[in-house]
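Visitor: With chain Z's structure known, arrange chain B on it following the hints.
Each protein sequence line maps, in turn, to chains Z and B. Under this note's numbering, think of the first position of the first sequence as 1, with each following residue one higher. Under this note's numbering, think of the first position of the second sequence as 1, with each following residue one higher.
Think of the hints as simulated: they come from the structure by calculation, not from any bench. Source: prediction; values computed, not measured. Careful, some of the hints might be misleading.
To be verified - Cβ-Cβ distance ranges computed for the label pairs, FRET-style:
hint : chain 1 : residue 1 : chain 2 : residue 2 : range
1    : B       : G150      : Z       : Y46       : 44 to 54 Å
2    : B       : D51       : Z       : D39       : 25 to 35 Å
3    : Z       : Q155      : B       : G113      : 33 to 43 Å
Just so you know, even glycine gets a beta-carbon here, dropped at the ideal spot from N, CA and C.
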Amino acid sequence: MFTERLSRHLRAPFPIGAPDWPSAVERPAPRPTLGIDYDTAWARRYPVRLARVAYTELVTRPLVAAVARPHVEGLDRFENVEGPVIFAANHASHLDLPVLTCALPDRWRHNLVAVAAADYFFDTRLKAAYFSFALNAVPMDRSRVNRRSAYQAQQLVEEGWNLMIFPEGGRSHDGWAREHTGGAAWLATRTGRPLVPVHIQGTGRLWPRGARRIYTGRTRVTFGRPLSPGEVPAREMVGLLESAVAQLADEAATDWWSARQRAAKGSTPDITGPRAAAWRRAWALGPSPKDGARRRSPAEERHWPPRP
Amino acid sequence: MPRPGFVLEVDRSTPPVLMWHGEGYRLERLPAQRSRVVYAPEPMAPLADPDAAVQRALLSPLGDSSPLPDLLFPGMRLTIAFDDLSLPLPPMRRPDNRQRVIEAVLEMAAAAGVDDVVLIAALGLHRRMTDAELRHALGDRVFDAFAPNGCLLQHDAEDPEGLVEIGRTDHGEDVEVNRRVAESDLLVYVNINLVTMDGGHKSTSTGLMSYKSVRHHHNVRTLQHSRSLMDHTRSELHSSAWRIGRLLNQHVKVFQIETTLNNDAFPSNMAFLQKREWEWGVRDRAAYLASSQALSLLGPSARRNLFHSIKAPHQMTSVQAGEVEAVHAATLATLHRQQVVDVEGQSDVVIFGLPHVGPYNVNSIMNPLLVMCMGLGYWFNMYIGKPLVRPGGVVILSHPTPWAFHPVHHPSYIDFFEEVLATTTDPAEIEKTYEERFATDEWYRHLYRTSYAYHGVHPLYMWYWGAHALEYTGGTIVVGGDRRAVRRMGFKPASTLADALEMAEDQVGRDPSVTYFHCPPVMLANVH
Numbered sequence: 001m002f003t004e005r006l007s008r009h010l011r012a013p014f015p016i017g018a019p020d021w022p023s024a025v026e027r028p029a030p031r032p033t034l035g036i037d038y039d040t041a042w043a044r045r046y047p048v049r050l051a052r053v054a055y056t057e058l059v060t061r062p063l064v065a066a067v068a069r070p071h072v073e074g075l076d077r078f079e080n081v082e083g084p085v086i087f088a089a090n091h092a093s094h095l096d097l098p099v100l101t102c103a104l105p106d107r108w109r110h111n112l113v114a115v116a117a118a119d120y121f122f123d124t125r126l127k128a129a130y131f132s133f134a135l136n137a138v139p140m141d142r143s144r145v146n147r148r149s150a151y152q153a154q155q156l157v158e159e160g161w162n163l164m165i166f167p168e169g170g171r172s173h174d175g176w177a178r179e180h181t182g183g184a185a186w187l188a189t190r191t192g193r194p195l196v197p198v199h200i201q202g203t204g205r206l207w208p209r210g211a212r213r214i215y216t217g218r219t220r221v222t223f224g225r226p227l228s229p230g231e232v233p234a235r236e237m238v239g240l241l242e243s244a245v246a247q248l249a250d251e252a253a254t255d256w257w258s259a260r261q262r263a264a265k266g267s268t269p270d271i272t273g274p275r276a277a278a279w280r281r282a283w284a285l286g287p288s289p290k291d292g293a294r295r296r297s298p299a300e301e302r303h304w305p306p307r308p
Numbered sequence: 001m002p003r004p005g006f007v008l009e010v011d012r013s014t015p016p017v018l019m020w021h022g023e024g025y026r027l028e029r030l031p032a033q034r035s036r037v038v039y040a041p042e043p044m045a046p047l048a049d050p051d052a053a054v055q056r057a058l059l060s061p062l063g064d065s066s067p068l069p070d071l072l073f074p075g076m077r078l079t080i081a082f083d084d085l086s087l088p089l090p091p092m093r094r095p096d097n098r099q100r101v102i103e104a105v106l107e108m109a110a111a112a113g114v115d116d117v118v119l120i121a122a123l124g125l126h127r128r129m130t131d132a133e134l135r136h137a138l139g140d141r142v143f144d145a146f147a148p149n150g151c152l153l154q155h156d157a158e159d160p161e162g163l164v165e166i167g168r169t170d171h172g173e174d175v176e177v178n179r180r181v182a183e184s185d186l187l188v189y190v191n192i193n194l195v196t197m198d199g200g201h202k203s204t205s206t207g208l209m210s211y212k213s214v215r216h217h218h219n220v221r222t223l224q225h226s227r228s229l230m231d232h233t234r235s236e237l238h239s240s241a242w243r244i245g246r247l248l249n250q251h252v253k254v255f256q257i258e259t260t261l262n263n264d265a266f267p268s269n270m271a272f273l274q275k276r277e278w279e280w281g282v283r284d285r286a287a288y289l290a291s292s293q294a295l296s297l298l299g300p301s302a303r304r305n306l307f308h309s310i311k312a313p314h315q316m317t318s319v320q321a322g323e324v325e326a327v328h329a330a331t332l333a334t335l336h337r338q339q340v341v342d343v344e345g346q347s348d349v350v351i352f353g354l355p356h357v358g359p360y361n362v363n364s365i366m367n368p369l370l371v372m373c374m375g376l377g378y379w380f381n382m383y384i385g386k387p388l389v390r391p392g393g394v395v396i397l398s399h400p401t402p403w404a405f406h407p408v409h410h411p412s413y414i415d416f417f418e419e420v421l422a423t424t425t426d427p428a429e430i431e432k433t434y435e436e437r438f439a440t441d442e443w444y445r446h447l448y449r450t451s452y453a454y455h456g457v458h459p460l461y462m463w464y465w466g467a468h469a470l471e472y473t474g475g476t477i478v479v480g481g482d483r484r485a486v487r488r489m490g491f492k493p494a495s496t497l498a499d500a501l502e503m504a505e506d507q508v509g510r511d512p513s514v515t516y517f518h519c520p521p522v523m524l525a526n527v528h
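Bound-form chain B, shown alone:
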């Protein structure tokens, strides 16, 4: 029986706690009597037979949907869309959930005599996946059957021929969707829900739409009014995505398949990364010491390669299929069981240790903008109710924040960081002055469509992602970060955690209360 998450009040007997620091980690001592540590629940038991569970889900769907075999008929156009490489994190060991589900769907399609089947990676404005990444997500059988025939596509949000406008929502939001999807008799969407933000109508209204549609929910206003991004009932971003998704459902029959994972994120030789420190045995301590020493001898590139080679032993905890909203409700219930930790009250300071990988740097570099997005966008938003830190409080991030960018994956990030952030860090001003330029730049568009680059507007979205935290908190301090890069983003650099806590006192007063969010493994703070 996995133990639930809990909050540890720090006293003098508390050992130093593990804190992620990019491609590395360290042990940090927190101030006694005024600090607390939020620990994640232990990984839930996985499904005993995931393939049988997938079959059951497809044959007994939720909501007002018929079983999948009843929706399939000869001569139909079937499109199967799936989440891209931003999920899950770290990438999971084979077989990936997408492979299991898509193989089951294709078995049924073959039995029903469906010939016209196309698979689409729902990239949204993310970079295209490489063949190796597609093969990892879909498995060899699916990849080898579809890729050589041109039936394995990646969504292109800038293809004038490949997009079609199907209408506007009652809030005036344009709905421009992948043409193949719009012209299909059935869209099967295969999703992996790692956090509660994913899934539901957001899958289709982000992954399969054009910039013209995505901009309606990815903007400063919606993100400042998403309290939080992990609670779709209180998120403007999700409200807009839900309106767009519902309109899409009126035009195309959507059969949504959502899967959840447990939070078993690291292989057994790195088990100490998700253990409570006082339970570290000899093996855990030896693994910590040996890996820390080895990492200190490696250069940044070797460290990055090592960490990105980690394949998580995540396992499927549930699978549900059918009508989008009914399916998503069941998904959220399972995710809440796995991730929610009850926390009493807010604190003056919150500390986040940022790991090596986020949704936008799989097999890539976590550049300063992604550090900001990860800390103030994702980790800050891992709450339901209210944030872990009080209004005007301080966020402390631990990450080396190198002034380094992947030139192929993040070309527009470089210009945004060098040029725009040198001028302003105000999300609203950035949106007003720069968004159109970055979104319509021909060179970025070319790289997005033909290379492996994120869309030109993506770095601005990263900045918007932290807009709620920027508005809500009194300041951000980055421990151990590149000073120039940290200052460029309007944050304060600190050499050590102790220095950062001293500096935070300038903002929140003496002896502030401190919360350390011990994440990963992923969890969701339910702050009362």
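One chain only, chain Z, in its complex shape:
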């Protein structure tokens, strides 16, 4: 009571101080400012973009190089494409976003926004500010179909921003990819912009969902040939994108020619893994870094065909 009276006495009168709220007017509930409602426009202003370039080069890139040592393939497949484009990648780990960011050439990275889960990356003011700044992330509601976040993403593409999206809607639960949702395909169809399939290999081993520590090792990022939405309906685009990512995964696991041959025969391995019991799915993934696999040489990890 006393402090209330004191603060009233100390407060400067309106308009220097804040006005009184008329007793006849109901106070509205405070407007939500986090999650899907977090305003990220500040992170796309030019001074912040410049600061982000410095942060990426001085902090993110050295960290990614130390932890994930990404090997990048397929940049030539979209070097003649005019921006903006939508990058759609498989998603196994929180490392995916920084690895992919560092894998992209400057031309694409400087105009890149990443779609990130509103409930995870934007649930506190500090996290929201950090991910908006460091990765130019924008929040997307993944718990339900939210037209607002979809239209915001569309608007960003229309304003000339390249968009990075994980169409699986979240990280893998068991190391195998999840089925794609329609978000990336919808955006591509809606904006008419090319969709670049991306496959990231290895991050799920280094920092899988629920892991308490991060292992170091090698990763590989493979960019595919852009898919042009043209007249293809969004539903078909989902299938096209999913099979493009699966082919890239096959290419990363074997070689380009074998992957093309299997793609032509329609026998590309399914990236969602075998439809079998949980232990068999885990078994099919091969040894984990915890078993010392990280010490193997990359040559041993790859399945080269036997020498003649």
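Guide: Relative to chain Z, chain B alone:
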């Protein structure tokens, strides 16, 4: 979702409220427990794609009109008339609604092979627009295509060669219209409706007629019987305009295109001007304090230039085209959604804070007559049902009311103020004794036709505009006005709002109920 307007009952917790005072504003505290403040609804969401909406409106017209492309044919005479600079207020940012609509109409005319196209600014008895003002309203493409070829005209209500009488209404009203309009195969009228008074048949029967026709609806009798000017079903002015407009429609095919705007009148750095005071954040309070301080350091001319440079971020909320009356009904429905605020009962005193601009002083000076017209003509008439103030109540206006006139724009105003108001302030007597003299004065006529002057009779119309309020109320007090100028108009000057409220008690009794009409942004009180 924009919030609707509402009425705030003032108590001790109510902060001071913003009140316009010409080229400035101040915070005023209202008496607790017996005052209320009427707040405007928030701006409606604009059309997502106004150009597509214009196309849709032209291709699917309302009423018994064919789509515009069906009315266009090679070899026809097409006239496109448009509202002049009195709309909207403040002038809107580019592209203006007129530009959007006229470009769409011209695209269709070009596709139909129409060569003979003339654009006419529907000035009525207003001053001519400068090239810069025309360019702002129509856009560079239209201006550069039509002005150099003499195909962009401004209506001249005193041109004996350029007018033609097409008949009389059943009430004996002469209908003398722009000759080019009368001889056209199609008149396309492009309108901006900021308030419900605008549009409908009033557009053509005021904007494209001569003094001989306009005098039938702009007179003391019609204005005293317009309850209010914002409700065309209860306005004598509009009844007459409707009769004249209908007769015109029998002679010329009219395709009316009406657009509405939301009430987003001020740019974001002046957002506090249309916010509720208790919602002012730090930025709003800083903007208020900084702008008030800066304005107090500037001279009147610099302040005026600053305020007249404001371009409002108004945006289009609807567009409809076709037959005049069907189009206007749709326009009014949208405007009512944007502007109507329900108010319970009348009060003893009503307060209006008058802003820097009205329909007749865009890029000009708001002289004392325009202060009267703005307060007692426009703000007083912003009602449907009954006025905010009871019969015999008091109107308090807040405006500096300088004894200052723009010599180019308002020459006849100077003589009217100096000479006529020194003799009488009774609208009926003024009309009887002075109207003909001012309307037919050769010098005023010359200035109206060749310079940028309002018609000679215009200051009398300004006075008539307040005739209903003068007859209805018990008195008018002007806060902070030039004392001589205020007294010349028969009003009482007061130094402060508190003084004005004290003075009002002489007329309406002790502790009167007070309504403050927090306008702009524009709104319409529906008084029950």
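Visitor: Against each hint, give a clear statement of whether it holds in the structure.
Guide: Here is how each hint holds up against the structure:
A hinted range of 44 to 54 Å holds for the C-beta pair B:G150 and Z:Y46, which are about 47 Å apart. At about 28 Å, the CB distance of B:D51 to Z:D39 agrees with the hint of 25 to 35 Å. Separated by about 40 Å at the C-beta atoms, Z:Q155 and B:G113 satisfy the suggested range of 33 to 43 Å.
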